[in-house]
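Residue numbers (the numbering used here), protein chains in the order written: chain A, 1 to 137; chain B, 1 to 137; chain C, 1 to 137; chain D, 1 to 137.
Hints are computed from structural coordinates only; laboratory data are not their basis. Any given hint could be a false lead.
Because identical chains cannot be distinguished in the list, a pair is counted as satisfied if it fits within a single copy or across any two copies.
[Unchecked claim] When the alpha-carbon atoms are kept at most 25 Å apart in a straight line, the in silico DMTMM-like pairs for lysine to aspartate or glutamate are as follows:
hint: 1; residue 1: 33; residue 2: 45
hint: 2; residue 1: 33; residue 2: 47
hint: 3; residue 1: 33; residue 2: 116
hint: 4; residue 1: 33; residue 2: 119
hint: 5; residue 1: 33; residue 2: 3
Just so we're clear, the structure is a prediction, and the values are computed from it rather than from any experiment.
There are 4 protein chains.
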Amino acid sequence: MSEITIEQLQAMLDGSPFICLLRMRVVSLDREKLQVVVEMPLAPEFERHPGTQQFHGGAIASLIDVAGDFAVVLQVGAGVPTINLRVDYLRPAIGRIIATATVRRAGRTIGVVDIDVTDEENRLVAIGRGSYGTTAG
Amino acid sequence: MSEITIEQLQAMLDGSPFICLLRMRVVSLDREKLQVVVEMPLAPEFERHPGTQQFHGGAIASLIDVAGDFAVVLQVGAGVPTINLRVDYLRPAIGRIIATATVRRAGRTIGVVDIDVTDEENRLVAIGRGSYGTTAG
Amino acid sequence: MSEITIEQLQAMLDGSPFICLLRMRVVSLDREKLQVVVEMPLAPEFERHPGTQQFHGGAIASLIDVAGDFAVVLQVGAGVPTINLRVDYLRPAIGRIIATATVRRAGRTIGVVDIDVTDEENRLVAIGRGSYGTTAG
Amino acid sequence: MSEITIEQLQAMLDGSPFICLLRMRVVSLDREKLQVVVEMPLAPEFERHPGTQQFHGGAIASLIDVAGDFAVVLQVGAGVPTINLRVDYLRPAIGRIIATATVRRAGRTIGVVDIDVTDEENRLVAIGRGSYGTTAG
Numbered sequence: 001m002s003e004i005t006i007e008q009l010q011a012m013l014d015g016s017p018f019i020c021l022l023r024m025r026v027v028s029l030d031r032e033k034l035q036v037v038v039e040m041p042l043a044p045e046f047e048r049h050p051g052t053q054q055f056h057g058g059a060i061a062s063l064i065d066v067a068g069d070f071a072v073v074l075q076v077g078a079g080v081p082t083i084n085l086r087v088d089y090l091r092p093a094i095g096r097i098i099a100t101a102t103v104r105r106a107g108r109t110i111g112v113v114d115i116d117v118t119d120e121e122n123r124l125v126a127i128g129r130g131s132y133g134t135t136a137g
Numbered sequence: 001m002s003e004i005t006i007e008q009l010q011a012m013l014d015g016s017p018f019i020c021l022l023r024m025r026v027v028s029l030d031r032e033k034l035q036v037v038v039e040m041p042l043a044p045e046f047e048r049h050p051g052t053q054q055f056h057g058g059a060i061a062s063l064i065d066v067a068g069d070f071a072v073v074l075q076v077g078a079g080v081p082t083i084n085l086r087v088d089y090l091r092p093a094i095g096r097i098i099a100t101a102t103v104r105r106a107g108r109t110i111g112v113v114d115i116d117v118t119d120e121e122n123r124l125v126a127i128g129r130g131s132y133g134t135t136a137g
Numbered sequence: 001m002s003e004i005t006i007e008q009l010q011a012m013l014d015g016s017p018f019i020c021l022l023r024m025r026v027v028s029l030d031r032e033k034l035q036v037v038v039e040m041p042l043a044p045e046f047e048r049h050p051g052t053q054q055f056h057g058g059a060i061a062s063l064i065d066v067a068g069d070f071a072v073v074l075q076v077g078a079g080v081p082t083i084n085l086r087v088d089y090l091r092p093a094i095g096r097i098i099a100t101a102t103v104r105r106a107g108r109t110i111g112v113v114d115i116d117v118t119d120e121e122n123r124l125v126a127i128g129r130g131s132y133g134t135t136a137g
Numbered sequence: 001m002s003e004i005t006i007e008q009l010q011a012m013l014d015g016s017p018f019i020c021l022l023r024m025r026v027v028s029l030d031r032e033k034l035q036v037v038v039e040m041p042l043a044p045e046f047e048r049h050p051g052t053q054q055f056h057g058g059a060i061a062s063l064i065d066v067a068g069d070f071a072v073v074l075q076v077g078a079g080v081p082t083i084n085l086r087v088d089y090l091r092p093a094i095g096r097i098i099a100t101a102t103v104r105r106a107g108r109t110i111g112v113v114d115i116d117v118t119d120e121e122n123r124l125v126a127i128g129r130g131s132y133g134t135t136a137g
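Produce the entire structure from the sequences given, and follow the hints as far as they go.
Dropping the structure here:
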C-alpha cells in the first residue's frame with residue numbers, strides 16, 4: 001500500500017474521466033513526506049478567455065483538488081473523498097502549471113493537505129488547502 | 001449596467017473556453033437580490049469515475065466559482081477575478097446540478113458570495129463561499 | 001438528547017472558561033431547524049482599539065466558532081470538536097453582536113454549519129462556515 | 001516603515017485591549033521573509049474546559065488572526081483589516097502555543113498569509129490562512 005508507484009498513481013488519475021479531460025500527469029511522489037506533484041498543460045479549452053494563455057480558476061481549483069487527493073492516497077492506499085477545499089488565487093498563471101501537494105496532518109478520519117501551484121516561470125500562482133476523508137480504502 | 005440580461009450573461013459564459021467545456025447555462029438572474037442560477041449537465045467526461053453518474057469535485061468547484069463570479073457581475077457589470085473560494089462537499093450528486101449564487105456583501109473592493117448546489121432530486125450536494133474583486137469593470 | 005433546553009445549553013457554555021471570559025449567552029434555539037442564536041456583549045476588553053466600540057476580529061471568530069459548535073450540539077447531544085472554520089469580515093460591528101448558527105448538513109461523521117453575525121443595528125457584520133466532528137457524544 | 005522593531009510591534013499589540021486580554025507576545029520577526037512569531041501563554045481562562053490544559057479553539061483562532069495581521073504589518077507599516085480567516089484544527093495543544101505567520105503573497109490590495117501553530121512539544125496543532133487588506137497605512 002505504501003509502495004504505490006508513479007505509474008499506479010497515474011493509472012488512478014487516468015481512470016477518472018474528468019481528470020483525463022484536464023490531462024493531468026503525475027510528475028513525482030515522495031512516500032516519506034506524503035507529497036505528490038501533478039502538472040496540467042495549458043490547452044486552449046482550459047483558458048479563462050481565448051488567447052489569454054490564462055487558466056480558468058475552475059481548472060486551477062480542479063488541479064488543486066486532485067493533487068491534494070492523491071497526496072492522501074499515498075497515506076491511505078485508495079481513493080478518498082474531498083470534504084472541503086479552499087483556494088486562494090494569487091497571480092495569473094503563465095503556461096502550464098504544477099501543483100505540489102503535501103500532507104500536513106494524516107489523521108485517523110481526516111487528512112489535511114497544503115497545495116502550492118506554480119507556473120512555468122516558477123511563480124506561486126495559487127495556494128490550496130483541503131480536508132479529505134481517510135477512512136475509505 | 002444593472003440592466004444586464006440572461007442572454008448577455010450567457011454570452012459572457014460562452015466567451016470563456018473553460019466554461020464552454022463544462023457546458024454551463026444561466027437559468028435565471030435576479031438583479032434586486034444579486035442572485036444568479038447556473039446549471040451544468042452531467043456528461044460522461046465530467047464523472048469522477050466512469051458510469052457512477054457522479055461529478056468530479058473539480059467540476060462542482062468550477063460551477064461554484066462561475067456562479068459566484070456572475071452574481072458579482074450583476075453588481076459590477078463586468079467580469080471580476082476570484083480572490084478565494086471555499087467548497088464543502090455534502091453528498092454525492094445525482095444527475096445534473098444547479099448552483100444558486102447570492103451576493104452576501106457587495107463592497108467597494110470585495111464581494112462575498114454564497115453558492116448552494118442542488119441536484120436533480122433537489123438535495124443540497126455542495127455549498128461554496130467566495131470572495132471576488134469588485135474594482136474591475 | 002434532542003430535548004436539550006436553553007438552560008442546559010447555557011450551562012454547557014458556562015462550563016467553558018474561555019466562553020465565560022467572552023460572556024456569551026444563548027438567546028434561543030430551534031431543535032427542528034438545528035439552529036442556535038448566541039450573543040456577545042461589547043466589553044472594553046473585547047475592543048480592537050480602545051474606545052472604538054469595535055470588536056477585535058478574534059472575538060468575532062470565537063463567537064462564530066461557539067455558535068456553530070452548539071448548533072451541532074443540538075444534533076449530537078454533547079460537545080463536539082471544530083474541524084475547521086472560515087470567517088469573512090464584512091463590516092465593522094456597532095455594539096453587541098448576535099450569531100445565528102444553522103446546520104446545513106448533519107452527517108454521520110461531520111456537520112457543516114453556517115453562522116451569520118449581525119450587530120445592534122441588525123446589519124450583517126460577519127459570516128462564518130465551520131465543519132465539526134459529529135462522532136463524539 | 002520597513003524598519004519596524006519587535007518593541008514597536010509589541011507596542012501595537014499592547015494597544016489592543018483584546019490582544020492584551022489574551023497576553024500575546026511577539027517572539028521574533030524577519031523583515032526579509034515577512035515573517036512574525038507570536039506566542040500565547042496557557043492561562044486558566046483560555047481553557048476549553050477547566051483543568052484540561054487545552055486552549056479553546058476561539059483563542060487559537062485569535063492568535064492566528066493576530067499573527068497573520070502583524071506579518072502584513074511588516075509589509076504595510078500599519079495595522080490592516082482582516083478580510084477573511086481560515087483555521088484547521090489538527091491536534092489538542094499542550095501548554096503555551098506559538099504562531100509563525102509568513103506572507104505568501106504581498107499584493108497591492110490584498111496580502112495572503114499562512115500561519116502555523118505549534119505547542120510546547122513542537123507539534124503542529126493548527127494551521128491558519130488569512131487574507132488581509134493592504135491598502136491601509
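Structure-based check of all given hints:
For the identical chains of this complex, residue 33 and residue 45 are neighbours neither inside a copy (34 Å) nor across copies (32 Å), given an alpha-carbon limit of 25 Å. For the identical chains of this complex, residue 33 and residue 47 are neighbours neither inside a copy (33 Å) nor across copies (30 Å), given an alpha-carbon limit of 25 Å. Taking identical chains as interchangeable, the C-alpha atoms of residue 33 and residue 116 lie at most 25 Å apart whether they share a chain (15 Å) or sit on different chains (17 Å). Within a single copy, residue 33 and residue 119 get their C-alpha atoms as close as 22 Å, and across copies as close as 21 Å, so both meet the 25 Å cut-off.
For the homomeric pair residue 33 and residue 3, the shortest alpha-carbon distance inside one copy (13 Å) is at most 25 Å, but the shortest distance between copies (37 Å) is not.
In the structure shown, a violation is registered for the earlier hints numbered 1, 2, in ascending order.
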